Amino acid sequence: MKVEIVHDSLALIIYEKTSAEVKARMKALSMLQNRYFYYKMNENMVLGQAELSFIHPFLEELNLRAEEHAFINKSQAILDSQERQNRMRKNAIILMGATLIMTPFAIWGWYNASLAKTEAAMAHKKTEEVKKENEVFRKAITKNGKLKIKRLPPESEGGTAQLEIGYASLFIEGQVKDENGQGLSNAQVFFMGAEVRSDPKGFFKFNLVLHPIDLTKKNIILEVKRKGYIPKEQAIKIQPKLKLNIALEKVEE
Amino acid sequence: MVKQIKSPFKFLDAYDQSDRDIFFGREQETQELYDRLFETNVVLLYGASGTGKTSLINCGLGNEFRASDWLPIFIRRRDHIMQSIKQELDRHAVRKLPEESNSIHLLHSLYLDYYKPIYLIFDQFEEIFILGSRKEQEDFFELLYQIEERDLNVKIIISMREEYIAQLSEFENIYPSLWDNRLRIERMSLKNLQGVILNTLKAFKIEVQDKEELLQKMIEKVKGKDKQVDLATLQVYLDRLYRLDVERRGAEDRPIRFDMELLKKSGNLENVMAFFLEEQLRQLEKELQNEMGVSEKGIPMDILFTMVTDNGTKQAVELDNVKKELKRAKNIDPKVVDFCISRFKEMRILRELNE
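Chains as they are written, first to last, in my numbering: chain A, 23 to 275; chain B, 27 to 381.
If you're looking for bench data, these hints aren't it; they were derived computationally from the structure.
Values in this document were obtained by computation on a predicted structure and should not be read as measured data.
Where hints are given, some of them may not hold.
[As the list claims (entries may be wrong)] To give a feel for the contact side, a few chain B residues facing chain A, derived at Cβ under 10 Å:
# : residue
1 : G250
2 : D252
3 : K371
[Claimed, not checked] Just a few of them, taken from the derived set where beta-carbon distance is under 8 Å, the chain A residues facing chain B:
# : residue
4 : V25
5 : V28
6 : H29
7 : I35
8 : S52
9 : K263
Note that the Cβ used here is the ideal one computed from N, Cα and C, for glycine as well.
Only chain A is shown next, with the shape it has when bound in the complex (with noise of 0.2 Å):
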């Protein structure tokens, strides 16, 4: 036999009767029955996290079929896996990423200490060097008491020594000639790096600093050339003024 409220009206009263909770378990059991009916015909239609919540509290009091029940489960099983997967797949992807971003911090950190060990090994060949120098330096005045020095300051900070030395001065002069004893204008006179041209009469002069070091050389080379003479290299000994005459050879044509 089936039976109804005779008016809508008179429903609509008994279910504003109702108490808020009744109502929110009336539908959430409507819910799914009505999901079921859907799961039945394609069992891809599980519940979701949103509708699986909203059972959740009045799972106890509905009283649901062992069926019901089960889609329930399924439904949850299903959620619980997926969530499994995504936290994997998130977790990877935060590695990558945190590989990606900490790869350049990496490389950089790996340069700037590299970096650090050179010019640490680089400043320590120099403390060495200066040390070499000075010491160098310290028997060239004992050697050449012309020479003067300053005294080396103590180690500054951060390692790198830092060195005052007295240069030593150095005053050249010369002519340079061809084969006839005549002055050959315009040559080119090469001494430690620098260079200096012959005026008109062949004449020129030097004015130069050495470091210390290049006076520990007993020989240093002076070199000559001029166009259409055969370039000509002479040891020069280490005096505090040199005056130089140089012949060079014309060349053969």
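For chain A, the structure is supplied; the task is to place chain B on it using the hints.
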């Protein structure tokens, strides 16, 4: 005492053909519906709940036709509209056709049985949208289309709540005629309402004192939150006044009388319907305790609640299912349910759907 007094008012029931002499206020709508059915083969009748659509068809239209003019077949969806159509057609059939016959064959045969135009009247049609599947809806409109195509001597009236008519638009491509032939039932005007009250009281030989003031106050009392009057609520209220005067009259030999004093006695009712329901539930719980030894409160409400959708509308239920569910969910004895259902029917809160 509530059990014994039987008032003449329709209360929550719809007017039927036999209520011709007490059906007032819808003369114009009745004529309009009648005229439309001569112009077209399908009419969509819609309006708010409580505007009296079912009464208009059953009583208003029903009394416009002579019995020889029409064969009305009232169809409710029940479990499935297509099954219900076949069941009703079969029930009316003189010559019974094989079970596998489709509705078109049944309609053909039914016409030949009676030689009268068949009027298929689908009442509470919104149930197809509340409870029916998409397939069911499509099958139904396809049938309407077939009926029109084959030019069968069939007229169709679809009566539904206006909140659901938008859902018809989805089926316009299958059956375009429906929307073109619609008739809206408006809420009754104040003037008509006063006429309905006065004519109804007169028909029941109820005396009325302080007519103007009384009518005004009555209508004020039954107005809902939307300031409109629900005809069912009006009936419940008139029923209540009737019962109050029966109590007031006691043994006095006089006709029932409605006056300002009676109105004051009825109190300030927030909601006539809610008050009525509370009264009935209180009564029923007392009876459950006294006659069945059940002290637990709330059982009648639990039963009624199974017949309400989560939209707050009524839904027909299979009694056996209700008993099983309530036993499972709330451990309510099926005998208690039977008792309550029987009393609800007497109180005119529930009705049995005719099979």
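Hints versus structure:
1. G250: It holds, given that the least Cβ distance between B/G250 and chain A is near 9 Å, below 10 Å.
2. D252: violated (12 Å)
3. K371: holds (8 Å)
4. V25: Constraint on A/V25 satisfied, holds at 5 Å.
5. V28: Since the shortest Cβ distance to chain B is 4 Å, the answer is holds.
6. H29: holds (4 Å)
7. I35: holds (5 Å)
8. S52: holds (5 Å)
9. K263: violated (116 Å)
Hint check: violations occur at hints 2, 9; the rest are consistent with the structure.
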